[in-house]
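Protein sequences appear in the order of chains Z and P.
Add 439 to a position in the first sequence, counting from 1, and you land on the number used in the numbering used here.
Add 1159 to a position in the second sequence, counting from 1, and you land on the number used in the numbering used here.
Quick caveat, the hints were computed from the structure, so don't treat them as lab data.
Where hints are given, some of them may not hold.
FRET-style restraints, in silico, Cβ to Cβ [claimed, not checked]:
#	chain 1	residue 1	chain 2	residue 2	range
1	P	Leu-1202	Z	Ala-1059	53 to 63 Å
2	P	Gln-1206	Z	Lys-1257	29 to 39 Å
3	Z	Ser-593	P	Gly-1181	33 to 43 Å
4	Z	Arg-1140	P	Arg-1263	55 to 65 Å
5	Z	Val-1197	P	Glu-1393	36 to 46 Å
6	P	Asp-1310	Z	Leu-1164	40 to 50 Å
7	P	Arg-1263	Z	Asp-959	46 to 56 Å
8	P	Leu-1202	Z	Thr-1110	52 to 62 Å
9	Z	Asp-629	P	Gly-1258	57 to 67 Å
10	Z	Ser-593	P	Ala-1315	47 to 57 Å
11	Z	Arg-1140	P	Thr-1182	28 to 38 Å
12	P	Ala-1315	Z	Ser-595	52 to 62 Å
13	P	Asp-1403	Z	Ala-1193	14 to 24 Å
Glycine residues also receive a C-beta, built at the ideal position from the N, C-alpha and C atoms.
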Amino acid sequence: MCFGLVATPPVRYNRTTPREGREPARIMTEIAARHVGQPTERTEDLRLLRGRGQYADDLAVSPRTVHAAILRSPHAHAEIVSIDAKAALSLPGVIAVVTGEDVQALTDPFLVALRQPLHQWSLAVGRVRYVGEPVALVLADDRYLAEDALDLLSVSYRELPVALDPAEAAQEDAPLVHEAAGTNLVSVRDFSYGDPDGAFAAADRRIALTTRFPRHSYMPIENFVVVAEYHEGDGAWDVLANFQGPYSTHPVMARALRVPGARLRLRTPRDSGGSFGIKLAVFPYIVLMAIAARMAGRPVKWVEDRYEHLLAANSCPERVTTIEAAVRDDGTITALRFDQLEDYGAYLRAPMPGPLYRMHGAMTGAYDIPNLAITSKIVVTNRMPAGLVRGFGGPQLYFALERLIQRVAVELDLDPLDVIRKNLIPAHAFPYRAAAGALYDSGDYAKAIEIATGDGRLDDLIRRRDAARAEGRLYGIGFAAVVEPGMSNMGYLSTLLTTEARERAGPKNGAISLATVNVDPLGAVSVSADCMPQGQGHETVLAQIVADQLGLAPDEIAVNLAHDTGKDPWSIAAGTYSCRFTPGTAVAVHKAARQLRDKLARIASNTLNLRPDDLVFTGARIQARDNPDNAVAFARAAGVAHWAPATLPDGMAPGLRETAAWTPPELAAPTEGDHINTSLTYGFVFDMCGVEVDPITAQVRIDRYVTMHDSGKLLNPLLAEGQVLGAFAQGVGTALHEEFVYDSEGSFLTATFADYLVPTVNEVPRPEILHMESPSPFTPLGAKGAGEGNCLATPACLANAVADALGIADPQLPMTPKRLHALMAARDEPAP
Amino acid sequence: MKPARFDYARPASLDDAIGLLGTEDVFAKALAGGQSLGPMLNLRLVQPELLVDISRLPELAEVGEENEGLTLGAGITHAAIEDRRVPDVTAGMLPRVAGQIAFRAVRNRGTLGGSLAHGDPAADWVTCLAALGAEVVIRGRAGRRQVAVADLMRGAFETGLEADELLTAIRVPRLAGGARWGYYKVCRKIGELAEAVAAVVHDPERGVYRAVVGATHGSPIVIAEARDAGAAAEVMAAAAQGFDDYETQVHEVALRRAFQALEQG
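Next comes chain P alone, as it looks inside the complex:
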């Protein structure tokens, strides 16, 4: 369980990192917290020629709070969010979800951007941030673009990121007063990847009532007009692919319990 040989670079700036990632004919991977990539390297499931260490890039640690929302650098760790070392505009949803990710040791190292870029269907951020209507900021040699988190994943462990692109920041809209949210995940044990996960955000002032079901076999299922648990479950059932009876049931229960959590505030 030792990785194959690779080169390692720790660029000083975001531009240098993007340049290195785009090196012709070199299979390069960005390394942030390493909580998924590390084990994959050790198991030789991925064998990059070059690892570009972005964990200390100052640009990825930036935090900006505006009226309309919050911009979090992609390098911010789950633990920083859990500990409220960054501002919150989501009525406590981000810190609560952050605190339920894996184990504290993972949260100390793992990053927001790393989790999204990895594209694991069971990851908490994919579901939570999609429900919040967050967007990711992507920088590459071709420039800068923004993509809704809900549209980032193309399938299990597949995102729309190009080889030379880095996910640099996440923009989270500010919930209005009176907004409520619910989050629920089914795990066989704490810290394990979820068997089913669901998030609901209801923000009447902004006209948002969105539910998202994660831990699917691919991208999360987004229910834009959620209204209530029953209706949302019907949408989910129609959209779900490849679920067996048990999976259908646990995803539905995650969804219903997320609605319940929302109701109970």
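Looking at chain Z on its own, in the form it has when it is part of the complex:
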């Protein structure tokens, strides 16, 4: 396949850019991919499936380590009048009690993306703002004693009125979560692209709906773990935590601790028991344990328990979206208008408000819609602070957008699939500049839909629906078409600021990936990189990539992704989040391996008396392309760089250790007109399903589910399938089960797995997974992010199917039996 090159900004609406017949600029073709693209089984599984993983809680700690437990607020909003720790401190084995006064004296508040006085420390200072907020920390010889001491802490509160519902909290007379801010509505930004007013004025129809995307989180099996130690002599901390990035948060922690970054050494273990974005939110606890370790003069270990995790670890923001389409009678959408109110809870923790802006450039989704108006509003409430959750703003967007598409079809009496098809970005338009600035790299959306609906799959769904309906059963079909972003532009969040404020702050853009590949004196290859795998199989893929470059077998490549900010490469984009591994870290590793290959080729060319270009790397040998007998062993060529540096070609540095950095030029800063290319790669997902709703129990049964993915070149199809299955399961959870519920006082009602339902293998049918490959022209490997697609598509697709089954306009997430029962009862009531 070939793809045109797109002009660099100025950004403009680009629907008619013709495909140019040039070769993609950066796809490197001369290396035969023997391993990349193969469904290699995960090498990690040998240890993970046999219980031999090394997770944060498994690693040995100093025998001097003390254990921490956290006292949490029982109130959603209250002043802390006093804390009496005498009884707790007198308990044998209790070492210290840390309170908000200590953290206020020893740390600075965390930096906030918004210029608003929303001060947050690692413990509540003076006031609690959500149920579960850390109020005090007890250090004791063991965790049991620490929890005993919690019961002896006496805190006196003066309760305050609460702001809980996002829309109510945004009202002028609502109780203030942060008095200094003077409002709970801490940011309102209006954006306009094209001519939305003109398009709405000229429209045949205007169709609108309001959606509410609920609070929930995805559940890692392993919760937060922090082990912090303070080295008095260096004035530096050494912290082990199961942090997942982004490492733009590292400066936030260092600033809070009032040290240069080099004095906050952060190590992450090789294995992680799941993250899904959640383990960004361990960072306030890193600062808290660091302070505690310094106060105690001993290492401090804290392991979060499940109750704490559900209550206070992390939540996606709740978003209320009013979305309106300007529509022609034939179903063509000429403009979209979004009014988004997003609830971030009690504090705006870095990198919030990411979810509201991560999709900003791509708000028009898979559709060629030139006119767009967006109002983005941020509200704070007395609920747990929001953070990263797999999908990160995508599920919120697509629940509104894809529900709207279904409503357009219903209102115009059209087939929803026809409405989708009519508005899709045409294949010839790629690379395609979306209205708000996203530069979609490649794709053929119509073809993807044709494949997914083909082979009788759609006919079968229709047959099933018709048969079910003929028997009076409640059966519906749903669709969702979704663009899946990969690797975020580190500048996207600055779209939040006005152009003037951005100029004052200095430009932000790009997304740097770093990796190191090393060859030792015996020719053994090892890899370290700036990602924190959580079960995805990164070690396997990186071994495949390096093996291809160096002509070795994947099992000859040692990949250890335990990370140490003191020793390993990293920059602010480091971490595993927002689908940055494939377009980011994998590319850096590829480049580092390639640099090594070039160096080794020059060394071997000396020995073999050939030009480097005439050499191939294969079977652990470097040999002449046209004469395999003229060869040198890989290990021998590698040895030269270590044992005989004087014989190296002129100007070559000795040793064999290459660190490569990668940042794509397409990730430019926001323009003056607020156009922003929010991500580097844009995959495509098309979902289609049939569901049946039990008319009496109101339970939803997924009858058949088809999910079509174009994630560019698949580096390892087996791992891609794992990503799809995992995201699909979580999408089902969002659609049908998972929600954080608060009562009218702000108490948290879903703090155990008896109340917060996570679907298991019993509740998640196996979807039919289809793939096509439109390689990205913007990454050397052609691969796109593939980890979040179904988190974006599945809730919308299932909601559309339920709406179709029940003939309802407003299926709310999660679609629990109780909710659907109420909707069905309302529908059955005769009109007044």
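Fit chain P to the supplied structure of chain Z, relying on the hints for placement.
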């Protein structure tokens, strides 16, 4: 999520266990499979001073089969029943219900007696065994007594067991030839506690036609003369307390589907 300090004892005999449970001025709890008590200890919802581990008492593992029925030791696990490692006199009802309790890991540890003594309204055994007309054998310092399972619960998580009493065995009447049963529960997901559960047992030879509705806000609703689904649903509706519209509906559907299951054998 660590329990408060407690003492732990593993007595060698039932009598020793009863003695320990009755220790004056000591808040003692019996520990069997620990599938409910364990989480409650960790959440500090219950803070006993003494845990009496009865999980290895030989008396609680005994099984006796007679003409009139089956006696199962209270320490027998759900998994043992599911796997038919103990005899069945209920035309397959006990193994079927056992296999639907929570998850296999829970069934491996959780016990028949522990489940009944915990008194969770949504527990499968409370409904199933009440429908079968089973009785529990209770031993305490005052001696031995028998109580119908249907009468054991006094409310949600409340039973008639005294502090020094242990539920030691369950006596399940043998269903006659030609007897049929139906069981249905509504769960939001497999393994979760039921939102509604119903059991029906029809044994014409013994003159039994009993339906029981569980997962209420208190004790199960026993419908002694069930006759048919419609009549039973009316009795249930009259007896139910605190149900909202949705709860009424799902309990009724559980009941109707239990009757359906009975009809379909």
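Right, here's what the structure says about each hint:
1. Against the hinted window of 53 to 63 Å, the Cβ-Cβ separation of P:Leu-1202 and Z:Ala-1059 comes to about 57 Å, which satisfies the hint.
2. Range check, P:Gln-1206 to Z:Lys-1257: about 34 Å between beta-carbon atoms, so the 29 to 39 Å window is met.
3. For the hinted restraint 33 to 43 Å between Z:Ser-593 and P:Gly-1181, the CB-CB distance of approximately 35 Å keeps it satisfied.
4. Between Z:Arg-1140 and P:Arg-1263 the beta carbon distance is about 23 Å. The supplied range of 55 to 65 Å is therefore violated.
5. Our hint of 36 to 46 Å for Z:Val-1197 and P:Glu-1393 holds, since their Cβ atoms are close to 38 Å apart.
6. For the pair P:Asp-1310 and Z:Leu-1164, the beta carbons lie near 48 Å from each other, so the given range of 40 to 50 Å is met.
7. Range check, P:Arg-1263 to Z:Asp-959: Cβ separation about 47 Å, and the 46 to 56 Å hint holds.
8. As the Cβ distance of P:Leu-1202 to Z:Thr-1110 is approximately 53 Å, the hint placing it in 52 to 62 Å holds.
9. Taking the beta carbon of each, Z:Asp-629 and P:Gly-1258 are about 59 Å apart, inside 57 to 67 Å as hinted.
10. A C-beta distance of roughly 32 Å is found between Z:Ser-593 and P:Ala-1315, which places it outside the suggested range of 47 to 57 Å.
11. At about 53 Å, the beta-carbon gap between Z:Arg-1140 and P:Thr-1182 misses the expected band of 28 to 38 Å.
12. The hinted range of 52 to 62 Å is not satisfied by P:Ala-1315 and Z:Ser-595, whose Cβ atoms lie roughly 33 Å apart.
13. In this structure the supplied range 14 to 24 Å holds for P:Asp-1403 paired with Z:Ala-1193, their Cβ-Cβ distance being about 19 Å.
Hint compliance for this structure: hints 4, 10, 11 and 12 are not met, and every other hint is.
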